[in-house]
Amino acid sequence: MTVAVVCVGNRLRGDDAAGLEVARHLRGTLPEGVAITEREGEPTALIDTWEGADALWVVDAVSSGSDAGTVHRLDAGERPLPPDPFRASTHHMSLAETVELARALGRLPARTVVYGIEGASFGIGDELTPAVAAAAATVADAVREEVAECTRRP
Amino acid sequence: MSAPRTKTIRTDYLARVEGEGAMYVRIAGREVEDVKLNIYEPPRFFEAFLRGRGFTEAPDITARICGICPVAYQMSSVTAMEMACGVEVGGQLQALRRLLYCGEWIESHALHVFMLHAPDFLGYPSAIELARDNPAVVASALELKKTGNELMTVIGGREVHPINVKVGGWYRAPRARELAPLVPKLERAREIALEAVRLTSGFDFPDYEQDYELVALDHPGEYPIDRGRIVSNRGLDIAVSEYDDHFEEEHVEWSNALHSRIVERGSYLCGPLARFALAADRLSPVARDAAREAGLDPSERNPFRSIVVRSVELVYAADEALRIIAEYEEPDAPSIDVVPRAGVGYGCTEAPRGILYHRYEIDDEGTIRDAKIVPPTSQNQRTIEEDLRGVVERSLDMPDEALTIRCEQTIRNYDPCISCATHFLTLDIERR
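Which chain is which? The protein sequence lines are A and B, in order.
Going by numbering that gives the first Met the number 0, the first sequence opens with residue 0, and the numbers climb by one from there.
Going by numbering that gives the first Met the number 0, the second sequence opens with residue 0, and the numbers climb by one from there.
Note that these hints are calculated values from the structure, not bench results.
Note that the structure is predicted; figures quoted are calculated from it, not measured.
Hints may contain errors.
[As the list claims (entries may be wrong)] Each computed EDC-like pair below joins lysine to aspartate or glutamate, with the alpha-carbon atoms no more than 20 Å apart: (1) Lys184/B with Asp47/A; (2) Lys184/B with Asp66/A; (3) Lys371/B with Asp243/B.
Pulled out of the complex, with its shape left as it was, chain A reads as follows (with noise of 0.2 Å):
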């Protein structure tokens, strides 16, 4: 069973790091095999990231108007991710778009859950909301949770 773990942000986007801050928190303590892969949204090279793999967890920050620091949870696998919350930058493709682009060229793991953390501000230079910074946390918790039983799996 091969797992991939990408987060998706912009550091330089206040909020838009929310993805990375995940990152740093599962950063060694994911079982080995395991891979963590940081990347900024380039429909390309996530598609790249995540082909081969069984089983997939993407983090990206979200804009939907929810509070800062709520978390969404979406099984990409069973269903089409919903368009709007995911932030699309000036030249890429939204992860949402991505997604489903991956799924009509058959490169999308069975197994897809995405898991959305709603930031607040996304200005250049911006400091990452403190809620953010939290929900960050509470998310790198479930993905090691998921994946920790997902990988125990026979």
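Since the structure of chain A is provided, determine the placement of chain B on it from the hints.
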């Protein structure tokens, strides 16, 4: 009931983030009254952020401005800093820079041609729907991107935001044996790119031409990428250090971005169409043949056919990368010494979407006193608006939905920083 007299097309980038890109067109009867394009532009922040930093930090800081063209930012900044310090990087160190730049062109053009612009021509709302019906086209983009990524990783140290570039050259020069595995992949990339030229040249192109002033770099014997004077088809021929005498930027109230213009002349166009018009004879034979078979010649002025030119440039970038690798000799040292001195340096290189200008003033310690960055998208912004107006004027009888798609397709002709965001734009039409 009378016919609607005034029609407004407004598309906003998802309102979640500060208006990163928005388009507004107002039509009254048969007249296009107003066209405004608002593109969010990060360099302003970085210009302030750079002041007080060391001159060696500029390539890594400015690379963060853009996830698609970090190499362009690095190359314009290192050449500017080297000029300020009175040194010039040549030989294999310079060839490696061009090679890295080829990787960026491959990545950026592949993404734009296949994933962002081709769906417009093939009648799909996005690459997702295109991938469902025609996965091979989108898979080609992924394969090209992967080769570009590998090139960037071998030379730049990693696939996005290369960390190996420094003022004076490189932190580490690659061994020839590290480049060798790229050869079959680049040969394959060249084949895919030739397919892309055949595919895109068969598209239906809206009937539209504009008599642009076309601006690109010019260096003897080279297709413009990493160095040269700044020239145009209307007689402009200046050193990069004269840029500020010939180009000016103005604030327009509806946009965060500054609009560039040529002093006393106005709008101009940079990017693939301009490069091809001014330097088609300097493409490699295989790219030149591909252009000819596609029916392109340097007099091409239909911006919609920029997708074909971009595909030709994909062929060239793969071909040029192969040439540089074939001629590569490991340098004795990965960089030359650069001692800071007080002065001003200018750098300009061809980002995939057009010329990117940097100017820095540094002091004796090498501390940055002032920085100016003019990205290609703000240089093209005025022309994009003019083309939108022209395209809408010729398409007034289209239903609103088709007209909006045509406007988005028009914006994507320039591969601006919002090129994909416009796939998510929502349409709002007012009638009164």
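Cross-check of the supplied hints:
1. Lys184/B with Asp47/A: Within the cut-off at roughly 16 Å; holds.
2. Lys184/B with Asp66/A: With a Cα-Cα distance of about 47 Å, the restraint between lysine 184/B and aspartate 66/A is violated, given a limit of 20 Å.
3. Lys371/B with Asp243/B: 10 Å, holds
The structure is inconsistent with hint 2 alone, although it conforms to all the rest.
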